[in-house]
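Quick mapping for you: the protein sequence lines, in order, are chains A and B.
Under numbering that gives the first Met the number 0, the first residue of the first sequence is numbered 0, with each subsequent residue one higher.
Under numbering that gives the first Met the number 0, the first residue of the second sequence is numbered 0, with each subsequent residue one higher.
Calculated directly from the structure, the hints in this document are not laboratory data.
This one's a predicted model, so the numbers in the text were calculated from it and none came from an experiment.
In this text, a Cβ means the ideal position worked out from N, Cα and C, and glycines have one as well.
Treat the hints with caution; some may be incorrect.
Distance ranges between label pairs, derived from CB positions [stated by the list, open to error]:
no.: 1; chain 1: B; residue 1: A44; chain 2: A; residue 2: S164; range: 56 to 64 Å
no.: 2; chain 1: B; residue 1: A44; chain 2: A; residue 2: P251; range: 24 to 32 Å
no.: 3; chain 1: B; residue 1: R2; chain 2: A; residue 2: S164; range: 50 to 58 Å
no.: 4; chain 1: A; residue 1: A113; chain 2: B; residue 2: R74; range: 15 to 23 Å
Covered stretches of chain A, going by a simulated chain B footprint (3 or more residues, C-beta under 8 Å) [as the list claims (entries may be wrong)]:
no.: 5; region: 145-159
no.: 6; region: 250-264
no.: 7; region: 303-311
no.: 8; region: 335-347
no.: 9; region: 428-439
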Amino acid sequence: MAKRIETEQYVLLPAGGLRAKGRGVSVETRTFLRSAETLRGTEGVMIDAHQVPMRVLDSIGPDGAKLVELPAQSMLAVRSLLPSLRLVPVRYYTPATAPLMQVATQAARAMAAAPTITIKVLAKTGKKPVAGAIVVALTDVENRVGAQGVTDSEGEVELTLGTASVEIQALYVYPADAYWTLRKKNLTITTGTVINLLSLDLGSTDALRFFYGSAELTIGQGVTVGVLDTGIADHPDLVVDGGANTVTGEDPKDFGDNGKGGHGTHVAGIVAARGEAPTGVRGVAPGVKLRSYRVFARNSGSASNFAIAKAIDQAVLDRCDLLNMSLGGGSADPVLTAAVDDARAAGTLCIIATGNDGRQPVSFPAVLGSAVAVSAVGRKGTFPASAAEVEDIASPYGTDKKNFLASFSNIGPEVDLTGPGVAIISTLPTGHAALSGTSMACPAVTGAAARALAGSTALKKKRDGARSDAMVKALLTTAAPLGFGPTFEGHGLPMPE
Amino acid sequence: MSRSRFILRYRGRGPTPDADVARVSAVAEVVVVESTAKMLLVESAPALLQALVDSLDDWVMAPEHAFPLPDVRRRVERPPDVSDP
Chain A
0 MAKRIETEQY VLLPAGGLRA KGRGVSVETR TFLRSAETLR GTEGVMIDAH
50 QVPMRVLDSI GPDGAKLVEL PAQSMLAVRS LLPSLRLVPV RYYTPATAPL
100 MQVATQAARA MAAAPTITIK VLAKTGKKPV AGAIVVALTD VENRVGAQGV
150 TDSEGEVELT LGTASVEIQA LYVYPADAYW TLRKKNLTIT TGTVINLLSL
200 DLGSTDALRF FYGSAELTIG QGVTVGVLDT GIADHPDLVV DGGANTVTGE
250 DPKDFGDNGK GGHGTHVAGI VAARGEAPTG VRGVAPGVKL RSYRVFARNS
300 GSASNFAIAK AIDQAVLDRC DLLNMSLGGG SADPVLTAAV DDARAAGTLC
350 IIATGNDGRQ PVSFPAVLGS AVAVSAVGRK GTFPASAAEV EDIASPYGTD
400 KKNFLASFSN IGPEVDLTGP GVAIISTLPT GHAALSGTSM ACPAVTGAAA
450 RALAGSTALK KKRDGARSDA MVKALLTTAA PLGFGPTFEG HGLPMPE
Chain B
0 MSRSRFILRY RGRGPTPDAD VARVSAVAEV VVVESTAKML LVESAPALLQ
50 ALVDSLDDWV MAPEHAFPLP DVRRRVERPP DVSDP
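Kindly generate the complete structure, drawing on both the sequences and the hints.
Written as structure tokens, this is what we have:
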């Protein structure tokens, strides 16, 4: 008996809008949608001399979106052959139900008078106090019950846990910089308990260096990368060519660090740091022209869609080739969608993190067909066994069993590529730190894209949608699957020469 | 009448048409907070603004909203209940 091939339904549509009309729509897009209109009911479609087992089921007019059916494993091939089109899985919506309110007020009131425990965080070597570390002590991991605080200049933190001695299911320490994170399970803490952290060695082979090695300083030359983030701090490992602050009401020239943890500085270092161990670090493409677009307000952990859209527009005007967007979440909006679409139509690619919600669907705006969506991979052995990142290890594992798809990474059919994003050592305003997230995987892919595009014919094209399509093709041809499957890694890890 | 912030983005060719911007600015209940080559950040009542945008060609509108700084660190969601024996 012949094996039945599982198929899924998708909507095939232009990068922007539902119809291939107007500015920025390539001839290739229009031609394909019109030809597909005549193929309803047939079992296969020829694309670029390749026979694809795709059935056209329905259509919104000759230039319009098509409802198609194809084997899930053919999805990547279609996206690769038709980069100017989006292939969106058909989704069915159900009524949203409101979550139950959590009542914690009574407990909080009682806690105000409860006894506290003061513990101390010290460097394992030298016993120097570690200031500014976030300490999270959970008495009930599943329900996230516990206490947290930040260490002072003596390395001390006061935790209000209700008793003078308490069983902790899991203790996490996240240092501000210079040390590895820590996780300890099932311990009793009392006042005077000392926790030791391992110092960060900038020469360590983290997952970024494992996959991309140490680049020559010229790698990435000719490519301009814009980082839309919290700004980029002055740092000995970084050279920033310029940028803008697009936050309403703030100084447009203040595109340095916004004073809220250095996320953008860390991201920038992954793309383009020019330092060298033991005192510095090296990014994936240190030769790029690096620009900073600050979209997060000063001392704030939030960025408005207006500031982001404005930054995208400005970066396109500044002739950026690649935009790194390690941000996202929430519901889609037409303004930011338009900005990402317009950038793509103007020859600038937005490379966007899929989000860190733990295997949830790809976040907005990474979910957009005009974006390059990046999930996060980790590698066992590239961080200490005592680090908090051990909890990021989860299946699926790759063909090389040391590789894993990070447990926090969002996934879905919109994932285009994956990048190293667990315990990545990079620059911070105060030095260096190992951080994790699709936020870190995204700039790794941006750096790899810069490597792939430096000197390529795609980069020399007129700045329009066809240029963006050519850049995507050039980038995807360098990708190698790690063995997780397309839902987790898209085309895989970009590995340019 | 409550006012919120909205973004208007022009999807047509080139920058925002002067005539469209003038029409938006002329409405007394709409305050233009900031303008760029392609967008207007405004404060307005939503229904009023939606009607205005619907009367203009090639504009889209969205409420201003914020994206949080990504963070994968574990955090406490609630303190222990000390009333437990």
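Comparing the hints with the structure gives:
1. B:A44 x A:S164: 56 to 64 Å: Holds, since A44 (chain B) and S164 (chain A) (Cβ atoms, about 57 Å apart) stay within the stated range.
2. B:A44 x A:P251: 24 to 32 Å: Between A44 (chain B) and P251 (chain A), where Cβ atoms are some 30 Å apart, the hint holds.
3. B:R2 x A:S164: 50 to 58 Å: The hint (50 to 58 Å, Cβ to Cβ) holds, given that R2 (chain B) and S164 (chain A) are roughly 54 Å apart.
4. A:A113 x B:R74: 15 to 23 Å: holds, 20 Å
5. 145-159: holds (count 4)
6. 250-264: Coverage by chain B holds here, the residue count being 3 at a Cβ distance below 8 Å.
7. 303-311: holds (count 6)
8. 335-347: holds (count 4)
9. 428-439: That given contact holds, which follows from 4 residues of the region 428-439 of chain A lying within Cβ reach (below 8 Å) of chain B.
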